[in-house]
Amino acid sequence: MIAHKRKIGRFPWRYKESLVFILSVIIIGIVLQVTIGKVDFNLFRAPVNIITGVCIVLFLAIFSLARKTPFYRWFSGVPFSVTLIGALLAFGLVMGLIPQQPQADSQQHAIITLPGFNQVTSSWYFVLVYFITLLSLGALIARRLIRFNIRDYAFYLNHIGLWTLLFSAGLGAPDMKRYMMYVKEGELEWRAFDGDRRTGYLPVTIQLNDFDMEVYPPKLILLNRLSGKLQPESKPDYFPVGREKTNGVLGDWKIEVNNYIHDAIPDNDGTYRSVAIPAAAPAANVTATHTATGDVRKGWVCYGNTVQPHRVLPLNSDCCIFMTQPQPRRFLSDVDVFFKNEPKIHAVLEVNKPLKAGGWTIYQTGYDRKAGRMSAYSSLELVYDPWLYPAYAGIALLAAGSVCLVCFGNRKKKSYELE
Amino acid sequence: MSWSEFLWFAIPAVICWLTAGTLVYLNKKDSAADLLMVAGIIIFAAFIIGLWIGQKEPPLRTIGETRLWYSFFLATIGYFTYRHWKYKWMLSFSSLVACVFVFINIFKPEIHSTDLMPALRSYWFVPHVTVYILSYAMLGAATITSAIQLVNINKGKPDPKLYRLMDNAVYVGFGFLMLGLLMGAVWAKDAWGHYWSWDPKETWAFITVAAYLVYIHIRLLKPDAKLALWILFLAFVLLMITWIGINYLPVSQNSVHTYTN
Ligand code: HEM
Numbered sequence: 555m556i557a558h559k560r561k562i563g564r565f566p567w568r569y570k571e572s573l574v575f576i577l578s579v580i581i582i583g584i585v586l587q588v589t590i591g592k593v594d595f596n597l598f599r600a601p602v603n604i605i606t607g608v609c610i611v612l613f614l615a616i617f618s619l620a621r622k623t624p625f626y627r628w629f630s631g632v633p634f635s636v637t638l639i640g641a642l643l644a645f646g647l648v649m650g651l652i653p654q655q656p657q658a659d660s661q662q663h664a665i666i667t668l669p670g671f672n673q674v675t676s677s678w679y680f681v682l683v684y685f686i687t688l689l690s691l692g693a694l695i696a697r698r699l700i701r702f703n704i705r706d707y708a709f710y711l712n713h714i715g716l717w718t719l720l721f722s723a724g725l726g727a728p729d730m731k732r733y734m735m736y737v738k739e740g741e742l743e744w745r746a747f748d749g750d751r752r753t754g755y756l757p758v759t760i761q762l763n764d765f766d767m768e769v770y771p772p773k774l775i776l777l778n779r780l781s782g783k784l785q786p787e788s789k790p791d792y793f794p795v796g797r798e799k800t801n802g803v804l805g806d807w808k809i810e811v812n813n814y815i816h817d818a819i820p821d822n823d824g825t826y827r828s829v830a831i832p833a834a835a836p837a838a839n840v841t842a843t844h845t846a847t848g849d850v851r852k853g854w855v856c857y858g859n860t861v862q863p864h865r866v867l868p869l870n871s872d873c874c875i876f877m878t879q880p881q882p883r884r885f886l887s888d889v890d891v892f893f894k895n896e897p898k899i900h901a902v903l904e905v906n907k908p909l910k911a912g913g914w915t916i917y918q919t920g921y922d923r924k925a926g927r928m929s930a931y932s933s934l935e936l937v938y939d940p941w942l943y944p945a946y947a948g949i950a951l952l953a954a955g956s957v958c959l960v961c962f963g964n965r966k967k968k969s970y971e972l973e
Numbered sequence: 061m062s063w064s065e066f067l068w069f070a071i072p073a074v075i076c077w078l079t080a081g082t083l084v085y086l087n088k089k090d091s092a093a094d095l096l097m098v099a100g101i102i103i104f105a106a107f108i109i110g111l112w113i114g115q116k117e118p119p120l121r122t123i124g125e126t127r128l129w130y131s132f133f134l135a136t137i138g139y140f141t142y143r144h145w146k147y148k149w150m151l152s153f154s155s156l157v158a159c160v161f162v163f164i165n166i167f168k169p170e171i172h173s174t175d176l177m178p179a180l181r182s183y184w185f186v187p188h189v190t191v192y193i194l195s196y197a198m199l200g201a202a203t204i205t206s207a208i209q210l211v212n213i214n215k216g217k218p219d220p221k222l223y224r225l226m227d228n229a230v231y232v233g234f235g236f237l238m239l240g241l242l243m244g245a246v247w248a249k250d251a252w253g254h255y256w257s258w259d260p261k262e263t264w265a266f267i268t269v270a271a272y273l274v275y276i277h278i279r280l281l282k283p284d285a286k287l288a289l290w291i292l293f294l295a296f297v298l299l300m301i302t303w304i305g306i307n308y309l310p311v312s313q314n315s316v317h318t319y320t321n
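Here the protein sequences come in this chain order: A and B.
Under the working numbering, the first residue of the first sequence carries the number 555, and numbering increases by one thereafter.
Under the working numbering, the first residue of the second sequence carries the number 61, and numbering increases by one thereafter.
So that you can see chain A by itself, here it is in the shape it has in the complex (with noise of 0.2 Å):
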C-alpha cells in the first residue's frame, strides 16, 4: 500500500493524519474541560446560535472555493470521515456504559467527572467533534452539489438529511425549553419547574378540569405471608383475571373465577358490585381447590386503592391468593389551557396525545403513582422548540435516503472494483 511508503503529514492525507487531528481534538477538549468545566449552552441561545449557523454556512461556501487543495479533499473525504464517525462512537460506548447524569450533584468518583464522563453531550470534546462533523460533511455536500448529478440523489438525500438534522439538533438544543406543571383537579395552575427545580413563570395557566385512568385487569398471585414470597418460590404462578380463561393453577391450587368486576365497589354484605366511579377498583371472586387435599377456599380480592380496603383470600396459615396493582392502560387530563391573550383551549391530554398551542406542546406525564386512579393531581411537561420543523425536514430526507438504501442496496460499483 502506498499509504505506507508516505511519510506522515505530507498529502494527500489519510488515515494516520485522520486520527492524529482526532485525538488533538479530543485532548484540547479534556484540557478544557478540565480546567474551565462544561460547556455552558445558556452562551448559545438565540441570536448567538443563528448567527453561528449563519456563519457556518458562509464558511462553507467559501471553502468550498477550495475544493481541489488536498486539504480540502481530506476533510471532506472518507478516511476523515471514517475518523469522525469512530470518535462519536467512542463517545457514544462512554455516553452507553457510564451512567450520565441531567446534574451536577454527582456521586460518582473524579476520575469520571472531571473529564465530563458522566455529562458527555455538554463536554467540550463531544462538542469540538459534533462541530468539526458538521463542518465535515458540510464540505463534503459542497464538493458534490458542485458537481451535481441526479443519480446520486441517495448520496444527497442521506447526507443533507443527516446534516440538517445535525444543524437543527446542535444549534437547536439552547433554544429548548422544558418545564413541569403539576396541576391539582380542579384548580389554576401557571407555576411550572425546569430541570433544576427552578420557578418559571411561563405565558400559559393551565385549569385541571378532570384526571380519569383506564387499568388493565390485574393478576392473581399466589403469597406467602409470612415471608412475603410469591409462590412457588422457584418460579412464581400467575393468572390473569377478567378475560376468556376463568379457571387456572396457582402452585398447588386450582382455581376458578366465578365473577370479575372492573369497576368494582364493596357493598355492606361484604361482596361487592359493579359502580363506574373513580373510588372503584377491580374486584375478583374467586374458588380455590387443592389439588391433593380437595379444600375448597371461597371468596373476594381485590387490590384496593386510597379510599378501599385491600382484600385477599387466605387458603391456609401461611398462603393467601392475592391481587396485582392494576396496570395503567390510558391515563388523561382534561384541561383548559389559557395563553396570555388568547380564547382558552379546550383538551384532553394523554401519553402519546399532546397538545400543540402557541408554540408550546403540552404532555401528559404522569399522576399520584399511590392514588392511582385517585390521583388528586396530574404532571404535565411543557415543551418549546422553535428549532423543531427543520430537525423534522432533516428527518425526513433521511427517511427518504434509508428508504433508497432498502429498495436499491448498494447498486453503485465501488471505485476500486471498476478498475
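Some clues are possibly wrong.
For lysine-lysine, the following BS3-like pairs were computed, each having C-alpha atoms within a straight-line distance of at most 25 Å [said to hold, decoys possible]: (1) A/907 <-> B/116; (2) A/894 <-> A/783; (3) B/116 <-> A/966; (4) B/168 <-> A/789; (5) A/738 <-> A/808.
Covered stretches of chain B, as calculated for chain A (at least 3 residues, CB under 8 Å) [to be verified]: (6) 68-74; (7) 158-165.
Label-pair distances were calculated between CB atoms; the ranges are [to be verified]: (8) B/98 <-> A/651: 22 to 28 Å; (9) B/246 <-> A/605: 28 to 34 Å; (10) B/219 <-> A/577: 34 to 40 Å.
The hints are simulated quantities; they were obtained by calculation from the structure and are not laboratory data.
The structure displayed is predicted, hence computed values, not measured ones.
All C-beta atoms in this analysis are idealised placements derived from N, C-alpha and C, irrespective of residue type, glycine included.
Once you've looked at the hints, dock chain B with the ligand against the given chain A.
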C-alpha cells in the same frame, strides 16, 4: 389463539425448515426444498396472525414475541436471498438460526405480560418494531456472510461475489435500522417530549448506527478486507447489546425504554 398452541405450529415449521436446509445440499432439483421452506414460513405466519387476533394487540412487546418475528423474517429473508444469490448455505444457515430462536421461545418463553403500557400504545409501535426486526435479520445475514468470507480468506480464496452480497445486505439492513431509529425519534417526540434524549437505549442505538456507518464508509476506499469484515462482526455484537444486553448494563436503570418486569 394463544401461546399454549405455540408447539402445534412451531414443531411443523421447524421440521419444514430443517428438512429444507438439508435437502438443498442433497437434491439436484431443489423444488422440494423450496416447497418445504415456504410451507414452514406459512405455518409460522399463521401462528403469528392467530396470536395477534387472540390477544387483540400486536405480538411485539416482550422479547419472546419479538423473537417470533425474528424467526419469521430470518426464514423469509434467508429464502429470498437464497433464491436471488443461489448460495445454498444461505438457506441452511438462516433456517438453522430461525429454528434456534424458535427453540429459545419453547424452552425459555418470556411471555408473561401482554399489557401494553400507555407510552407503547401508539400507531408507531408496529412499524417501529417491525423495521428493526427486518434490519436485525438482514444484518444478521451480513454477519454470517462475513464469517464465511473470513474462512475463505484464511483458505486463501475469497469470493468476490460474497463482498457484493455482504455490502447489499448491510445497505438494506442499515436502511431499515435508520428507518426504525427515525420512527422511534418521531414517536419519542409525541410520547416523551423530545425526539432525542440520549436515553441509554437511544445511546446504544446511536452506537450501532455509527458502527455500521464506519463499515459502509471504510468499504468505499479499497480497504483492508479483513479489517472491514471484523468491523462488521463487531457492529453485530454492538447490535446485540442494544437489543438484549442493555437490560444487564448498569445504565439501563435510568432508561425509560426497558420493558422487562
Ligand atoms: C445516515 C448517515 C449516512 C449514510 C446512510 C451514508 C451513506 C453513504 C453512502 C452510501 C456513500 C457512497 C455513495 C456515493 O458515494 O455516492 C457515502 C459516501 C460518503 N459519505 Fe456517507 N453516509 C452517512 C453519513 C456520513 C457522515 C456522517 C459523513 C462524514 C462525517 C459521511 C461522509 C461520506 C463521505 C466522505 C463519502 C464519500 C463520498 C465522496 O468522497 O464523494 N457520510 N455515504
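How the hints compare with the structure:
{"no.": "1", "hint": "A/907 <-> B/116", "in the structure": "holds (22 Å)"}
{"no.": "2", "hint": "A/894 <-> A/783", "in the structure": "violated (55 Å)"}
{"no.": "3", "hint": "B/116 <-> A/966", "in the structure": "violated (44 Å)"}
{"no.": "4", "hint": "B/168 <-> A/789", "in the structure": "holds (12 Å)"}
{"no.": "5", "hint": "A/738 <-> A/808", "in the structure": "violated (45 Å)"}
{"no.": "6", "hint": "68-74", "in the structure": "violated (count 0)"}
{"no.": "7", "hint": "158-165", "in the structure": "violated (count 0)"}
{"no.": "8", "hint": "B/98 <-> A/651: 22 to 28 Å", "in the structure": "violated (44 Å)"}
{"no.": "9", "hint": "B/246 <-> A/605: 28 to 34 Å", "in the structure": "holds (29 Å)"}
{"no.": "10", "hint": "B/219 <-> A/577: 34 to 40 Å", "in the structure": "holds (37 Å)"}
The structure is inconsistent with the numbered hints 2, 3, 5, 6, 7, 8, although it conforms to all the rest.
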